[in-house]
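Line by line, the protein sequences give chains B and S.
Mapping the first sequence onto our numbering, position 2 (from 1) lands on 2, and the numbers just tick up by one.
Mapping the second sequence onto our numbering, position 60 (from 1) lands on 60, and the numbers just tick up by one.
Hints in this document: simulated from the structure, not taken from any laboratory.
Note that this is a predicted model, so its numbers are computed, not measured.
Watch out, some of these pointers could steer you wrong.
[Said to hold, decoys possible] Computed footprint of chain B on chain S; a stretch qualifies when at least three of its residues, placed anywhere within it, have a C-beta under 8 Å from a C-beta of chain B:
1) 46–59
2) 63–69
3) 77–85
4) 102–109
[What the hints assert, rightly or not] Incomplete in silico selection of chain B near chain S, CB under 8 Å:
5) Y22
6) P39
7) P43
8) F45
[Unchecked claim] Ranges of calculated distance between the beta carbons of each label pair, as one might list FRET restraints:
9) B:T82 x S:A82: 25 to 31 Å
10) B:Q14 x S:G40: 21 to 27 Å
11) S:A52 x B:Q3: 26 to 32 Å
12) S:A52 x B:V84: 23 to 29 Å
13) B:V44 x S:Q17: 18 to 24 Å
14) B:V50 x S:S80: 26 to 32 Å
15) B:K56 x S:Q57: 31 to 37 Å
16) S:V88 x B:H12: 32 to 38 Å
17) S:R108 x B:T81: 21 to 27 Å
Even for Gly, the Cβ is constructed at its ideal location relative to N, Cα and C.
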Amino acid sequence: GQQVMQIPQYQHVQEGEDFTTYCNSSTTLSNIQWYKQRPGGHPVFLIQLVKSGEVKKQKRLTFQFGEAKKNSSLHITATQTTDVGTYFCAALNTSGTYKYIFGTGTRLKVLA
Amino acid sequence: NAGVTQTPKFQVLKTGQSMTLQCAQDMNHEYMSWYRQDPGMGLRLIHYSVGAGITDQGEVPNGYNVSRSTTEDFPLRLLSAAPSQTSVYFCASRPGLANEQYFGPGTRLTVT
Chain B
1 GQQVMQIPQY
11 QHVQEGEDFT
21 TYCNSSTTLS
31 NIQWYKQRPG
41 GHPVFLIQLV
51 KSGEVKKQKR
61 LTFQFGEAKK
71 NSSLHITATQ
81 TTDVGTYFCA
91 ALNTSGTYKY
101 IFGTGTRLKV
111 LA
Chain S
1 NAGVTQTPKF
11 QVLKTGQSMT
21 LQCAQDMNHE
31 YMSWYRQDPG
41 MGLRLIHYSV
51 GAGITDQGEV
61 PNGYNVSRST
71 TEDFPLRLLS
81 AAPSQTSVYF
91 CASRPGLANE
101 QYFGPGTRLT
111 VT
């Protein structure tokens, strides 16, 4: 079945450093979503990308969708302690069902 | 709006017991899903529904049943609990096929 691979699994950064997580699929994706989950919390929607090559920004967060719509990235500039959490990508299954497949997530730890 | 609510927040079961995890949403969303989250495994889809009376299996459906008699409610039933079902369970809803998902606060289940 469709799989979405996410790397890295963990990332520790010093406060102020940049951070990037990548999401890759072997098949073309119709869209991709990004979620953030704070420790002990539930996933919260950040953004959705639909178009090939699309780039969206939310303050210090930059989201990209690859030209072939098989990969995506989330980049955080100048991390802050409030960025701590796990970041997930989620892709809509394209085999005629209505399922979102989640990546395994990247756990970000920011050291003050 | 309360959004997506889940009960109970915590539950301990003995092997072989059955129980129902409750999920309700007050946003009139057609799509609802159940996920389980295990360390290092991300979010895995158990069952989902695209409307009242319609359900389908996700990636890991064995040992679980669902029903969707109303738009608002989507309960998850554990038929005979096993230690492998120890996990955090999240219910999510969304208004349409390619929309953002709204997650409930989760149920932490331990099976001994």
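Going through the hints against the structure:
1. Interface restraint, the segment 46–59 of chain S with chain B: holds (5 residues with C-beta to C-beta distance below 8 Å; minimum three).
2. Beta-carbon proximity to chain B at under 8 Å applies to 0 residues in the segment 63–69 of chain S; the threshold of 3 is not reached and the given coverage is violated.
3. Given as covered by chain B, the segment 77–85 of chain S fails the check, having 0 residues with a CB less than 8 Å from a CB of that chain where 3 are the minimum.
4. Taking a C-beta to C-beta cut-off of 8 Å, the segment 102–109 of chain S contributes 5 residues in contact with chain B, enough for the three needed, and the coverage statement holds.
5. A cut of 8 Å between beta carbons decides the hint on Y22 of chain B: the least distance to chain S is about 14 Å, and the hint is violated.
6. Because the smallest distance between the Cβ of P39 of chain B and any Cβ of chain S comes to about 12 Å, over 8 Å, the interface hint for this residue is violated.
7. The interface hint given for P43 of chain B is met, as the beta carbon of that residue sits about 5 Å from the closest beta carbon of chain S, less than 8 Å.
8. Checking F45 of chain B against chain S: minimum C-beta separation of about 4 Å stays under 8 Å; hint holds.
9. About 38 Å separates the C-beta atoms of T82 of chain B and A82 of chain S, a value inconsistent with the hinted range of 25 to 31 Å.
10. The given range of 21 to 27 Å is respected by Q14 of chain B and G40 of chain S, whose C-beta atoms sit roughly 24 Å from each other.
11. The hinted range of 26 to 32 Å is satisfied by A52 of chain S and Q3 of chain B, whose Cβ atoms lie roughly 31 Å apart.
12. Distance hint check: the CB atoms of A52 of chain S and V84 of chain B are about 39 Å apart, inconsistent with the given range 23 to 29 Å.
13. Between V44 of chain B and Q17 of chain S, the C-beta spacing of about 32 Å breaks the proposed range 18 to 24 Å.
14. As the Cβ distance of V50 of chain B to S80 of chain S is approximately 42 Å, the hint placing it in 26 to 32 Å is violated.
15. Remark: the range hint 31 to 37 Å for K56 of chain B to Q57 of chain S is upheld by a beta-carbon distance near 33 Å.
16. Taken as a hint, the range 32 to 38 Å is violated for the pair V88 of chain S and H12 of chain B, whose Cβ atoms sit roughly 23 Å apart.
17. Against the hinted window of 21 to 27 Å, the Cβ-Cβ separation of R108 of chain S and T81 of chain B comes to about 25 Å, which satisfies the hint.
Of the numbered hints listed earlier, those contradicted by the structure are 2, 3, 5, 6, 9, 12, 13, 14 and 16.
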